[in-house]
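Novice: Take a look at the letters that make up each chain.
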Amino acid sequence: MQRSNTRWHIAVFLAPAVLVYTAVMIVPLFNTLRLSLYTEIDQHRVFVGLENFRTLFLDPIWSKQFWNALANNFWFFVIHMLVQNPIGILLAAILSQPRLRFAAFYRSAIFIPTLLSFVIVGFAWKLILSPIWGIAPDLLNTVGLKSLYAPWLGKEEYALTTLALVSVWQFVGIPMMLIYAALLTIPDEILEAGEMDGITGFSAFWKIKLPLILPAIGIISILTFVGNFNAFDLIYVAQGALAGPDYSTDILGTFMYRTFFGFQLQLGDPHMGSAIASAMFTIILIGVCIYLFGIQTRMRRYQL
Amino acid sequence: MLKTVTQLTVLSTVLAATGAMAQDATITIESWRNDDLALWQDKIIPAFEAENPGIKVKFTPSAPAEYNAALNSKLDAGSAGDIITCRPFDASLALFEAGHLADLADMPAMDNFSDVAKSAWQTDDGASTFCVPMASVIHGFIYNKEAFEEVGVDVPTTEDEFFAALDKIKADGNYIPMAMGTNDQWEAATMGYNNIGPNYWKGEEGRRALIAGGQKLTDDAWTAPYATLAKWGDYLGDGYEAQTYPDSQNLFTLGRAAIYPAGSWEISGFNELADFEMGVFKPPVQKAGDTCYISDHTDIGIGMNAASENAEASKTFLAWVGSPEFATIFGNALPGFFPLSKTPVDIEDPMANEFVSWRGECESTIRSTYQILSRGTPNLENETWGASVAAIKGTESPADLGAKLQEGLESWYKP
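Line by line, the protein sequences are chains A and B.
If you read the first sequence in our numbering, its first letter stands for residue 22, the second for the next number, and so on.
If you read the second sequence in our numbering, its first letter stands for residue 60, the second for the next number, and so on.
Some hints here could point you the wrong way.
What the hints assert, rightly or not - Over the 10 Å line for every Cβ pair with chain A, so calculated as not near, a few chain B residues:
| # | residue |
| --- | --- |
| 1 | 120 |
| 2 | 229 |
| 3 | 261 |
| 4 | 438 |
| 5 | 452 |
What the hints assert, rightly or not - Keeping only pairs whose Cα atoms sit at most 27 Å apart, straight-line, the calculated DSS-like set for lysine-lysine is:
| # | chain 1 | residue 1 | chain 2 | residue 2 |
| --- | --- | --- | --- | --- |
| 6 | B | 102 | B | 374 |
| 7 | A | 167 | B | 229 |
| 8 | A | 167 | B | 290 |
| 9 | B | 401 | B | 261 |
| 10 | A | 176 | B | 290 |
| 11 | B | 290 | B | 229 |
| 12 | B | 463 | A | 85 |
| 13 | A | 85 | B | 473 |
| 14 | A | 85 | B | 275 |
| 15 | A | 176 | B | 229 |
| 16 | A | 176 | B | 463 |
| 17 | B | 227 | B | 290 |
| 18 | B | 227 | B | 204 |
| 19 | B | 261 | B | 463 |
Worth flagging that the hints you see were computed from the coordinates, not collected in a lab.
Beta carbons are placed, not taken as given, at the ideal position from N, Cα and C, and that holds for glycine.
With the hints as extra help, turn the sequences into a complete structure.
Specialist: Right, dumping it as structure tokens:
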């Protein structure tokens with residue numbers, strides 16, 4: 022008996038995921054890209070090619086906002102890379118110490134903020150940092166550092182960094198968990214072999230563990246990149262759609278929202294909004310490609 | 060088949076109804092004011108139905124944030140109510156231009172309203188008026204009477220007196236002189252710039268000149284309010300940069316601040332929360348004896364669905380909304396939202412009464428950015444928020460702010 026070569030089961034098993042994913046992700050994505058090529062003239066949708074992108078990048082009013090949002094987005098990302106991920110790695114390294122007591126408690130405590138809604142985190146931190154009711158000024162006062170206090174969220178020069186750090190506080194649990202899992206997969210034999218050669222303590226981490234968890238760090242970096250360039254919620258909750266003060270916390274997400282849906286007297290413009298969304302998509306795509314082809318393929322992997 | 064049956068049913072119902080009584084009709088009101096549901100059902104509708112037997116009124120509000128979108132789709136689908144509550148300016152103008160709102164310019168009740176009141180619901184040339192003005196909000200300052208007595212300051216009428224009072228309160232140290240923050244931005248523009256501004260640009264005169272192109276935002280009349288706002292920064296509480304709108308409301312109602320730059324919509328909330336006596340004063344003029352101008356901003360109107368099947372009943376209702384009787388009920392049930400009709404209305408709440416009395420002493424205008432000037436990108440209203448904040452913080456000079464706003468406006472608006 023000859024067996025059929027068409028393996029129907031593959032299509033059958035893939036179908037649900039492909040259908041759902043196509044309906045809720047791929048179609049809207051391409052529709053957004055398509056929408057960015059149109060504009061509305063006298064209540065009619067008209068095809069204008071790349072005109073919206075020309076406005077976005079070359080019109081001084083639009084491009085100023087766009088580059089401002091993009092620069093803010095990069096700063097937001099840089100803070101996460103410099104603060105969130107090193108702290109995550111450090112916490113994971115500490116948690117993986119076998120002699121640490123209450124490790125499970127610390128692990129959960131640090132991870133819990135990740136589960137909270139942006140709305141709760143935004144409001145809680147707004148209250149903590151509030152110059153009027155907040156505990157931040159009082160806490161600084163009790164240690165005699167009141168002079169260091171400033172209404173951070175209201176100052177152009179600090180607001181974005183403050184919000185980035187709030188976001189770091191919320192999400193530091195994710196790199197911690199991923200690195201922690203990677204550290205647990207390192208077999209004890211390797212570490213013991215290292216010990217025999219006199220590599221212990223900090224140098225064991227630096228020379229043995231860190232190279233072994235590098236792929237995990239790469240994954241975290243790309244997750245952080247995608248998450249940050251899609252960020253919107255925290256800024257919106259804390260500073261509103263105008264991303265004040267004076268657009269200093271405006272990132273691509275809030276810029277897109279304001280344009281697409283409109284704000285106060287500003288009527289929404291779905292076509293320019295889609296153009297911004299397409300630009301965001303392209304930026305993220307380029308970032309991910311750089312990582313996939315430029316970094317990941319060159320990363321050394323070790324067989325454990 | 061089903062459609063024919065439905066049509067027949069509708070037809071027979073209509074026939075039955077008209078047969079029963081020549082005028083019997085039920086009209087439905089679309090609104091975003093779901094906060095006012097009780098007021099409409101308990102006071103306004105019974106009063107109307109008592110006078111007009113044969114017309115039944117249903118008030119069917121939706122949530123404020125969804126209203127515009129929901130209304131648009133209902134109008135397109137032909138299922139919207141007979142009476143439409145109108146947002147001011149462009150949102151309603153778009154509905155009129157799309158043919159959804161009926162022209163009401165020749166309705167006799169329209170004579171009860173001033174031109175300023177009607178401006179929010181007119182075409183740019185003023186030829187058609189499509190909504191009956193219902194209510195406005197007035198700007199001014201609410202102050203803590205006990206604090207004023209304690210510190211020993213009088214209610215200021217000129218700008219010099221205003222800043223002298225602020226200085227004295229600040230020197231006393233027991234109260235934050237003025238409760239306002241810049242975190243949410245809109246207060247700085249709405250309760251700051253558009254509150255004190257009309258005294259500088261002479262209300263309607265300046266506002267119309269700006270639209271007509273006779274004045275520019277770089278003119279003294281438009282930048283001087285920024286210079287005055289720049290002086291406010293010293294009198295706002297510590298860390299006002301991060302102070303939000305609810306923070307300011309709480310600071311004032313807890314009795315920690317002496318003056319609150321306000322809109323009249325605060326009245327009912329403040330009456331409930333504050334346990335001290337409050338008073339109000341109007342935006343101080345520059346020199347004693349100057350004409351005063353107030354921002355008497357049109358906020359709610361009411362119009363008729365052009366496709367309404369009960370046009371006669373709807374017109375009767377709108378005429379009644381334009382009458383002094385409606386104004387009295389509405390003005391007293393919602394202190395701080397003032398009826399716009401020319402006939403003076405007796406309002407019982409003392410603060411609201413004080414606010415509305417300014418209409419007799421001063422010239423009324425609306426917020427400078429709302430009509431026509433906020434249609435394009437960059438949006439002048441939103442830009443004014445940022446500019447007012449920058450003025451208060453002192454990060455940019457009034458002249459620079461004026462130049463920036465004018466440049467943005469000119470990029471899309473030709474008078």
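Novice: If a hint holds in the structure, say so; if it does not, say that too.
Specialist: Against the structure, the hints come out as follows:
1. 120: holds (21 Å)
2. 229: holds (17 Å)
3. 261: It holds; residue 261 of chain B is separated from chain A by about 23 Å at its closest Cβ, greater than 10 Å.
4. 438: With a cut-off of 10 Å, residue 438 of chain B comes too close to chain A, as the shortest Cβ separation is near 4 Å.
5. 452: violated (8 Å)
6. B:102 with B:374: holds (20 Å)
7. A:167 with B:229: holds (21 Å)
8. A:167 with B:290: holds (26 Å)
9. B:401 with B:261: Measuring from Cα to Cα gives roughly 21 Å; hence the hint holds.
10. A:176 with B:290: Distance of about 18 Å is within 27 Å: holds.
11. B:290 with B:229: Holds, at about 13 Å.
12. B:463 with A:85: Holds, at about 13 Å.
13. A:85 with B:473: holds (22 Å)
14. A:85 with B:275: Within the cut-off at roughly 23 Å; holds.
15. A:176 with B:229: holds (23 Å)
16. A:176 with B:463: Holds, at roughly 21 Å.
17. B:227 with B:290: Judged against 27 Å, a Cα distance of about 15 Å means the pair holds.
18. B:227 with B:204: Distance ~15 Å between residue 227 of chain B and residue 204 of chain B Cα, so the pair holds.
19. B:261 with B:463: holds (22 Å)
The structure fails hints 4, 5 (numbered hints given earlier, in ascending order).
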